[in-house]
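Top to bottom, those sequences are chains A and B. Counting along the first sequence from 1, when you hit position 75 you're at 75 in this note's numbering, and nothing is skipped either side. Counting along the second sequence from 1, when you hit position 82 you're at 82 in this note's numbering, and nothing is skipped either side.
To be clear, the hints were calculated from the coordinates, so they are not data collected in a lab. Worth double-checking, as some hints may not be accurate.
[Stated by the list, open to error] Derived CB-CB ranges, DEER-like: (1) 140(B) to 231(A): 52 to 58 Å; (2) 97(B) to 181(A): 26 to 32 Å; (3) 17(B) to 60(A): 27 to 33 Å; (4) 228(B) to 40(A): 36 to 42 Å; (5) 60(A) to 9(B): 31 to 37 Å; (6) 422(A) to 140(B): 58 to 64 Å; (7) 278(A) to 153(B): 39 to 45 Å.
[Claimed, not checked] Per the computed footprint, the stretches of chain B lying under chain A, defined by three or more beta-carbons under 8 Å from a beta-carbon of chain A, are: (8) 56-64; (9) 68-75; (10) 78-91; (11) 138-150; (12) 316-328.
Using N, Cα and C, we set each Cβ at its ideal position, and we do this for glycine too.
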Amino acid sequence: MKNMLTPAGILTAADLSAQSIPNPDTGNWFLSPGIIGTLILAAVVALVAVLIVSMRFIGYMDTLKKREQARQKAAFSDELPGLSGPEIDALLQKRRQRLSGDELGGSGAAADERGIVLKVTHDPNNPLVDEKKKAVLSIETPEELKKIVVWYLAAAVFWLVFGTLVGQYLGMKFVWPGIDSVPWLSFGRLRPVHTNTVFWGWASMAMIGLGYFVIARTSNAVIYSYKLARRAWRLINLSILAGNILLMSGINNGGGEYREYIWPVALLFALGLVFTFLNFYRTVARRNISEIYISNWYMLGALIWTLVLVFIGYLPGYQDGLGETVVQGYYMHQGVGMWFMTFTLGLVYYYLPSSLNKPIYSYSLGVLAFWTQMLFYTLIGTHHFVFSPLPWWLQTVAIVFSAGMFIPVVAGTTNFLMTMRGSWSDISKSYVLPFFLVGVVFYFVGSTQGSLQAFRFTNFVWHFTDFNVAHSHMTMYGIISFLLWACVYAILPRVMGREPRQLFVGIHFWLAFVGLFAYMISLMAGGTLRGLSWIGGEAFIESVRLMQPYWVWRAIGGTLMFLSHLVFAYNFYVMTRKEKELPQPVPTSASVQTATI
Amino acid sequence: MFNFHKDHRSLAFAAFIVFAGLSMLIAVLPAYQMQKTSPLPGMKEMTEAQKKGLSVYVSENCMACHTQQVRNIEMDNVWGERPSVASDYYYTKMRPDIWRQSPSLLGSERTGPDLSNVGRRQPGREWHLLHLYNPRIVVQGSVMPAYPWLFTEKDPSQLGPDDIVVPVPEKYLKHKDRKVVATQEVMDLVAYLQALKQVDLPGTEGPGFIPSSRVKEPSGEKGAAALPDGEALYMQTCAACHQADGKGVPGAFPPLAGSPVVNDENYETFIRIILLGYDARAEYGVMPGFAGQLADEEIAAIVNHERSSWGNKAAPISPEDVKRIRDYAMQLNP
């Protein structure tokens with residue numbers, strides 16, 4: 001920690017001040033604050049998993065208890081004919097004090113005026129977990145907007161399945177490096193296909209699609225131009241398709257992470273973003289309420305910042321030599337922080353309160369997080385190059401502001417958790433909220449862990465190891481993907497009027513969650529051991545051999561994650577498929593009552 | 001003045017201006033300054049072949065697993081004699097053409113070894129060719145992909161005089177009756193890899209490594225045991241070719257297990273080969289000399305490890321023996 005106090009003067013890499021900081025003693029590596037912090041954070045995630053499981057378990061026990069009560073009642077009514085007159089009178093007297101006794105009996109139709117029995121079912125569709133609430137509110141949405149949202153999400157789902165299939169295959173290559181010898185499928189070429197597809201294909205398309213709904217809804221206005229939205233859809237998809245084909249045929253921009261697409265391809269994407277920004281901005285400009293809702297701050301901010309970022313990332317003139325490395329650190333971190341994180345936070349500010357049916361806890365905290373996100377996140381890119389030949393002052397600034405990231409992260413997490421407070425019992429009754437909860441917890445855990453990872457000591461142990469890969473999955477998957485799924489499940493049933501099968505949403509959730517946990521714990525453990533092996537001066541190949549079991553576990557976790565995406569794709573299909581022209585089923589009394597609550 | 005809550009124009013404008021300003025300060029300006037380097041004295045311009053090799057390196061995205069930066073911490077000392085400096089990248093990190101950017105050579109993952117100094121560490125052409133054809137031939141346990149598409153297979157009758165035949169062991173051949181021939185592409189790539197050498201910094205001391213605070217315990221109690229760990233040194237320096245089990249790679253690198261040179265009572269030839277290299281046997285690749293890379297103590301430790309492992313049983317030697325042979329050899333080959 002004290003390393004961070006080094007004054008951030010303008011020093012060159014060669015400056016000897018660097019050498020006043022000795023390597024810490026790695027004998028007690030597990031006592032370093034960065035590592036202790038990470039262990040605690042991992043424990044937080046495990047705790048949340050345990051909490052969700054125990055809630056489910058309590059729900060199940062509840063069901064068992066209720067069944068037992070029903071059985072006792074049945075036994076009682078069998079017993080009744082054998083009772084004597086006074087005994088029956090006494091029982092009746094007891095009952096009269098509560099209810100009149102003929103609510104559900106007699107020859108007339110059953111009446112439940114006090115609303116005691118909401119829904120009676122003798123056939124729960126899943127005996128293991130609580131039955132989830134249905135999305136009862138249906139939101140009237142213009143047909144055009146519906147189409148835009150569904151089209152964007154459909155592309156996102158396609159790229160998710162494709163991108164993670166590639167990722168899954170790459171994970172297997174660590175275990176079977178000789179699995180193929182096709183140039184198009186070799187590791188170096190395929191790795192950026194995985195990262196770029198899930199970044200620009202899955203997450204970006206899903207974010208923009210979900211964003212269109214938010215921007216129209218919170219501005220109480222019609223989207224400025226549906227045509228522009230369709231055009232952007234085509235451009236972005238085209239750029240991912242073309243970019244991937246080029247990458248697989250060995251044409252890339254120079255290998256800088258997340259800017260592997262050459263500039264003509266990136267230009268297509270940038271144009272798509274320009275159109276999207278224009279559309280969002282104009283829609284906000286024609287809003288029918290005076291205030292700009294906080295979600296729109298985040299989404300507009302994300303679009304503006306990302307456009308700046310794409311241009312800085314691709315323009316020439318300052319990117320020869322180590323100039324490229326400075327920009328690379330800036331670009332790859334801002335890509336994550338200013339685009340995915342900022343936009344997704346904007347979505348959460350709308351979808352979380354709306355699925356809890358209450359306002360966000362604190363609007364001001366949201367505003368604070370917005371500005372601090374911009375100030376702090378922008379400055380921390382060089383923490384990917386600690387101890388590199390980049391200027392020492394840049395590295396120090398990056399580390400200091402990485403620690404500063406606690407502020408927006410804590411502000412955001414507090415805001416979301418306080419919004420959820422008092423609604424904990426809803427979690428076991430909703431198929432949307434568990435996704436939100438996991439996403440928010442990972443937002444805190446993943447971001448804080450990232451800050452700790454920027455410290456100089458943790459860089460000794462973790463930098464260059466698979467720990468980085470664990471971190472990026474913890475954030476891009478644990479935060480972004482989980483929150484996006486939450487938003488998709490929150491909105492599609494309401495807009496399309498079709499529910500996914502609850503059991504399948506559950507399978508999606510648990511496969512993704514358990515898979516991610518296996519993935520990240522194995523790589524974190526393996527990465528730590530690998531770093532220690534390097535510090536200990538062992539032969540490099542030893543550190544490759546020691547990773548083998550961890551890479552196997554990573555592949556297993558990755559497989560679970562991929563399977564969960566297939567289930568998600570199926571759920572998406574169920575939610576959006578065209579209704580067949582069939583006569584509507586006659587509503588039963590139970591469903592009518594549910595709908596009127 | 002600015003009501004961000006109600007005025008979308010000033011909100012968007014403020015977000016743009018502040019972010020763009022910060023980006024200039026933290027990225028564009030430092031990047032612009034970092035460009036202004038000049039090559040180190042003694043650095044050679046890249047040849048055409050090396051440039052093409054770099055292009056293959058980028059095209060196969062080797063940067064996904066290999067870094068090219070020796071950090072200024074002691075644990076990175078194994079990858080280079082000194083920490084990397086900006087000038088090291090003067091020739092390699094230039095924009096190659098209008099379509100592609102300056103290659104991102106520094107990397108962020110070290111799934112495979114750092115390559116800043118690989119030209120010094122692995123100088124042999126045969127080793128590189130075998131390793132690229134299938135890394136498992138020379139490095140057991142490697143997870144690097146094989147690059148068979150950088151080679152062609154030819155019928156022995158069609159071999160031309162300029163064809164470079166790669167001595168791939170039979171077990172790794174797809175067609176046993178054919179020979180594996182290196183393409184121009186792979187020769188360029190190897191030329192690039194062989195040229196990756198750290199240049200000595202001029203003048204006095206350049207930036208040093210931040211020293212490790214790990215207390216280095218003197219190993220062993222007796223004088224003879226005070227040598228460095230021979231097995232570890234062997235694994236780092238020799239095992240790439242001669243293999244961890246000392247059996248070498250048939251057709252490429254000779255075995256040390258049971259070798260008469262290694263086990264000879266008169267160790268002079270053996271140590272001379274280590275110091276000066278060896279290229280007298282057509283059936284094996286060229287061995288580079290390690291006189292500049294290894295100290296007498298280290299050579300003695302390696303020799304003793306080799307003379308007492310894999311069934312070898314020869315008498316140990318001392319650093320003084322190495323020094324004597326080194327002095328003599330250096331007189332003959334200054």
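Going through the hints against the structure:
no., hint, in the structure
1, 140(B) to 231(A): 52 to 58 Å, "holds, 54 Å"
2, 97(B) to 181(A): 26 to 32 Å, "holds, 29 Å"
3, 17(B) to 60(A): 27 to 33 Å, "violated, 55 Å"
4, 228(B) to 40(A): 36 to 42 Å, "holds, 39 Å"
5, 60(A) to 9(B): 31 to 37 Å, "violated, 54 Å"
6, 422(A) to 140(B): 58 to 64 Å, "holds, 60 Å"
7, 278(A) to 153(B): 39 to 45 Å, "violated, 55 Å"
8, 56-64, "holds (count 7)"
9, 68-75, "holds (count 6)"
10, 78-91, "holds (count 8)"
11, 138-150, "holds (count 11)"
12, 316-328, "violated (count 0)"
In summary, the structure is inconsistent with hints 3, 5, 7, 12 from the numbered list given earlier, while agreeing with the others.
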